[in-house]
Amino acid sequence: MALFLDNIGLVYQQQKNYPEALIYCSKSLSIRQHCLPSNHPDLAMSYNNVGMIRWNLDHSDLAIELLREALNIRKESLPAQHPDIALSYRNLGVVYESTGQYKLALESFQQASQIYSNVWKDDHPKVVEIKKYIERVPQQSQN
1 MALFLDNIGL
11 VYQQQKNYPE
21 ALIYCSKSLS
31 IRQHCLPSNH
41 PDLAMSYNNV
51 GMIRWNLDHS
61 DLAIELLREA
71 LNIRKESLPA
81 QHPDIALSYR
91 NLGVVYESTG
101 QYKLALESFQ
111 QASQIYSNVW
121 KDDHPKVVEI
131 KKYIERVPQQ
141 SQN
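Per UniProt numbering, the sequence shown starts with residue 1, numbered consecutively.
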């Protein structure tokens, strides 16, 4: 049921209907909090999804809290070089960057880049994307 709710929420998120996305993804998170161990990767996925929706709703502080929880669960439950850990670092970097916390953004993007580079070749879209993020952060911090 949680996966079904998550998928509906993600469709709303893709449509930029963030209030509806939040309803469904929050229900999914609640189910997973009650049914799964506290370090389960699916729980991390729900924290990540709700965190990114919160960021899109301009709730950056709450987004950071949720994304950190997703990262902590993933670091505890997945291999150190797992792409989902890199995704958590990337998402935290995006939120930090949007709030002007450029040092934290750069650190997060670099952590993601290190994992992505160990997992995929240099021309993989995720590797290319994260390198672009790293390149633009210092430029923004000078503005």
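For the record, the hints were derived by calculation from the structure and aren't laboratory data. Note that the Cβ used here is the ideal one computed from N, Cα and C, for glycine as well. Heads up, a few of these hints could be off.
Restraint-style ranges between C-beta atoms, simulated for each label pair [to be verified]:
(1) GLN33 - ALA80: 34 to 40 Å
(2) LEU3 - ASN72: 17 to 23 Å
(3) ASN72 - TRP120: 31 to 37 Å
(4) MET1 - GLU135: 39 to 45 Å
(5) PRO138 - LEU78: 25 to 31 Å
(6) GLN114 - LYS16: 17 to 23 Å
(7) PRO37 - GLN81: 19 to 25 Å
(8) LYS103 - HIS59: 30 to 36 Å
(9) ASN118 - PRO19: 25 to 31 Å
(10) ASP122 - PRO19: 36 to 42 Å
Straight-line Cα separation of at most 35 Å, DSBU-like style, residue types lysine-lysine; simulated pairs [said to hold, decoys possible]:
(11) LYS126 - LYS103
(12) LYS27 - LYS103
(13) LYS75 - LYS131
(14) LYS16 - LYS27
Checked hints:
no., hint, in the structure
1, GLN33 - ALA80: 34 to 40 Å, "violated (25 Å)"
2, LEU3 - ASN72: 17 to 23 Å, "holds (22 Å)"
3, ASN72 - TRP120: 31 to 37 Å, "violated (24 Å)"
4, MET1 - GLU135: 39 to 45 Å, "holds (42 Å)"
5, PRO138 - LEU78: 25 to 31 Å, "holds (30 Å)"
6, GLN114 - LYS16: 17 to 23 Å, "violated (31 Å)"
7, PRO37 - GLN81: 19 to 25 Å, "holds (22 Å)"
8, LYS103 - HIS59: 30 to 36 Å, "violated (22 Å)"
9, ASN118 - PRO19: 25 to 31 Å, "violated (38 Å)"
10, ASP122 - PRO19: 36 to 42 Å, "holds (39 Å)"
11, LYS126 - LYS103, "holds (21 Å)"
12, LYS27 - LYS103, "holds (34 Å)"
13, LYS75 - LYS131, "holds (22 Å)"
14, LYS16 - LYS27, "holds (18 Å)"
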